[in-house]
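Please construct the entire structure, taking both the sequences and the accompanying hints into account.
Protein chains in written order, with this note's numbering: chain W, 1 to 342; chain V, 1 to 148; chain Y, 1 to 118.
Worth flagging that the hints you see were computed from the coordinates, not collected in a lab.
Below 30 Å or equal to it, Euclidean Cα-Cα: the simulated DSSO-like pairs (lysine-lysine) are:
(1) Lys251/W to Lys17/V
(2) Lys115/Y to Lys66/W
(3) Lys117/Y to Lys120/V
(4) Lys272/W to Lys258/W
(5) Lys8/V to Lys191/W
(6) Lys272/W to Lys44/W
(7) Lys25/Y to Lys198/W
(8) Lys15/V to Lys191/W
(9) Lys272/W to Lys117/Y
(10) Lys336/W to Lys191/W
(11) Lys4/W to Lys4/V
(12) Lys22/V to Lys117/Y
(13) Lys25/Y to Lys118/Y
(14) Lys55/W to Lys295/W
(15) Lys4/W to Lys191/W
(16) Lys92/Y to Lys55/V
(17) Lys5/Y to Lys92/Y
(18) Lys120/V to Lys25/Y
(19) Lys115/Y to Lys55/W
(20) Lys49/V to Lys79/Y
(21) Lys272/W to Lys25/Y
(22) Lys251/W to Lys4/V
(23) Lys120/V to Lys55/W
(24) Lys55/V to Lys5/Y
(25) Lys20/V to Lys4/V
Some residues of chain V that are not near chain Y, with every Cβ distance over 10 Å (derived):
(26) Ser6
(27) Asp16
(28) Pro19
(29) Ser50
(30) Tyr51
(31) Asn54
Even for Gly, the Cβ is constructed at its ideal location relative to N, Cα and C.
Chain residues, written in single-letter form:
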Amino acid sequence: MPGKRLGKQTLRLSSPPSMISNASIVGPKEGEGPLAIYFDQVLKDDYFGEESWEKAESKMLKEVVKNAIKSSGRSNTNINFMFAGDLLNQIVSSSFAARELQIPFVGLYGACSTMAESICMGSIMLDGGFADAVVCATSSHFSSAERQYRFPLEQGVQRPPVAQWTVTGAGAAVLAEAGNGPYITHVTIGKVLDFGVKDANNMGAAMAPAAVDTITAHLNETGRSPLYYDLIITGDLGNIGKAITLDMMQKEGFEIDKVYNDCGSMIFDGAKQDTYAGGSGCGCSAVVLNGYIAKEIKKGNLNRVLLVATGALLSPITTWQGESIPSIAHAVAIEKTIGEGA
Amino acid sequence: MNTKMSSKQYEEYIKDKLPKPKYLKNCIAAFIVGGFICDVAQFISNITKSYGFNKEAVSAITAISMVFLGAFLTGIGIYDRIGRFAGAGSIVPITGFANSIVSPAMEFKREGFIFGVGAKMFVLAGPVLVYGISASIIIGIIHYLLGK
Amino acid sequence: MNYLKAFITGGALCVIGQLLMDHTKLTPSRVLVIFVTAGVILQGLGIYQILVDFGGAGATTPLTGFGYSLAEGAMKGVKEAGILGAFTGGLKAAAGGIAGAIFFGYIMALLFNPKSKK
Numbered sequence: 001m002p003g004k005r006l007g008k009q010t011l012r013l014s015s016p017p018s019m020i021s022n023a024s025i026v027g028p029k030e031g032e033g034p035l036a037i038y039f040d041q042v043l044k045d046d047y048f049g050e051e052s053w054e055k056a057e058s059k060m061l062k063e064v065v066k067n068a069i070k071s072s073g074r075s076n077t078n079i080n081f082m083f084a085g086d087l088l089n090q091i092v093s094s095s096f097a098a099r100e101l102q103i104p105f106v107g108l109y110g111a112c113s114t115m116a117e118s119i120c121m122g123s124i125m126l127d128g129g130f131a132d133a134v135v136c137a138t139s140s141h142f143s144s145a146e147r148q149y150r151f152p153l154e155q156g157v158q159r160p161p162v163a164q165w166t167v168t169g170a171g172a173a174v175l176a177e178a179g180n181g182p183y184i185t186h187v188t189i190g191k192v193l194d195f196g197v198k199d200a201n202n203m204g205a206a207m208a209p210a211a212v213d214t215i216t217a218h219l220n221e222t223g224r225s226p227l228y229y230d231l232i233i234t235g236d237l238g239n240i241g242k243a244i245t246l247d248m249m250q251k252e253g254f255e256i257d258k259v260y261n262d263c264g265s266m267i268f269d270g271a272k273q274d275t276y277a278g279g280s281g282c283g284c285s286a287v288v289l290n291g292y293i294a295k296e297i298k299k300g301n302l303n304r305v306l307l308v309a310t311g312a313l314l315s316p317i318t319t320w321q322g323e324s325i326p327s328i329a330h331a332v333a334i335e336k337t338i339g340e341g342a
Numbered sequence: 001m002n003t004k005m006s007s008k009q010y011e012e013y014i015k016d017k018l019p020k021p022k023y024l025k026n027c028i029a030a031f032i033v034g035g036f037i038c039d040v041a042q043f044i045s046n047i048t049k050s051y052g053f054n055k056e057a058v059s060a061i062t063a064i065s066m067v068f069l070g071a072f073l074t075g076i077g078i079y080d081r082i083g084r085f086a087g088a089g090s091i092v093p094i095t096g097f098a099n100s101i102v103s104p105a106m107e108f109k110r111e112g113f114i115f116g117v118g119a120k121m122f123v124l125a126g127p128v129l130v131y132g133i134s135a136s137i138i139i140g141i142i143h144y145l146l147g148k
Numbered sequence: 001m002n003y004l005k006a007f008i009t010g011g012a013l014c015v016i017g018q019l020l021m022d023h024t025k026l027t028p029s030r031v032l033v034i035f036v037t038a039g040v041i042l043q044g045l046g047i048y049q050i051l052v053d054f055g056g057a058g059a060t061t062p063l064t065g066f067g068y069s070l071a072e073g074a075m076k077g078v079k080e081a082g083i084l085g086a087f088t089g090g091l092k093a094a095a096g097g098i099a100g101a102i103f104f105g106y107i108m109a110l111l112f113n114p115k116s117k118k
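Shown next, in the form of structure tokens:
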């Protein structure tokens, strides 16, 4: 339809869907962090009563989807589609959760950008009139991610100061065609960028260019200034990626420091929790969005948020083959009311 | 976005934004823990010698004991905490070799005892064995040829 | 007295490993491969023996010491059994350590589960 696509990457939704309910579950460490009170459920340990971490992660994803659907007032049978993904090979956490839920399922892989990616796709589905309600979800788990990407947990290795801590957490949002906000008004789909970072421990630096690219595309294509938003928040760039992003945005001609933050920087207290550069993982942006941001919007402390979730699209094999780390960032504009800005 | 940077340029650009490891602290920790572990081995060696075992037996008994120590500390979940502090001080001694075998073996128990524990044991230690043994064979052959 | 020498020798070798890990892009596994190979080569040249004579367990406990015993074993094997000894000698010398690692590794995996990290 003409007029819906603004530029190369941004879509303006003509019937903005409402984010009508949210749910979040986190592991013990996240429950000891600065945002603990915002999460719906904090687990006592990261097994969640299951035999393996992979099964625990899948259960977390299943539970947040069920909880989000319950608070929406709907049931499994009148949620039309489920959009979900995670970090595990073949996105098994999501697929196995979907097996239990029996909602038509679209699996996604955007690494840690999946929360925004799923909301992008879900919103487009609703705006196009193809569904009345969808659920968008993602999860990550420290132990299952470490095992797949890095080192066995009991191995005595030292983490470098640039390293981030994968969040154990799952978040889900139900989006509906009918509702009173907060509204998803615009989505900006990212391009894959690679600035040559090869160190798999240095994710923040690897992903920052992708975040900058998507944020500038969004602002240029919507014509909005950064101060239109109360909060521009990246998914998991961590403290280092955050500093790089601020600087690169300045080079692009945008001063975002008054409204900018990062979910990875917010979710842990680096000094007390030994998390070095901050949190990472799909669950990071998922629990911050569905816990902190959703509740702050409801309270009226935030009215317009640009969520820019970032993902590093590497695999252990590409690292061994000497490849660098390509990254992507997707953005969704969440606004309490519609019709005020461009 | 307008900023175009090559990989080299980006690497230069972010260099001063990356926190550096605490070099001195890491070296001191490595020195102390590594030295201590070697002293434990020395102690075992001395005791074994005093029981009258010959050179080869002392060497084998010490190696087996240190490997057991490394394996046990990994099993009870302490070795990774030592490693966080000590870095190379816990990786370089033979206890670290044991840790690199036991940690994936424990981790992949969920995947069964044949393909999990059995196969994954060598995921980190394999290269050490391959290169160490191959190098020693080459040295042996060279030694043989030079001796002729 | 030999405790002090062992401490210094072992500590110094570990510091070399730490410097390699902190200043280069080498991962711990790569550092260990370098160490074991270096131990083999240095003993092949007869040099590592000096370190062993001085530092005792401080030289044999780090992974360079594992390479040292592999090389010693191979050279001794050649003396006793000719070229066949090049193949059998190294592994024979390191047999105790390797067998122990495999066996104890299996037992520990049987008995213990990995703990979640805090």
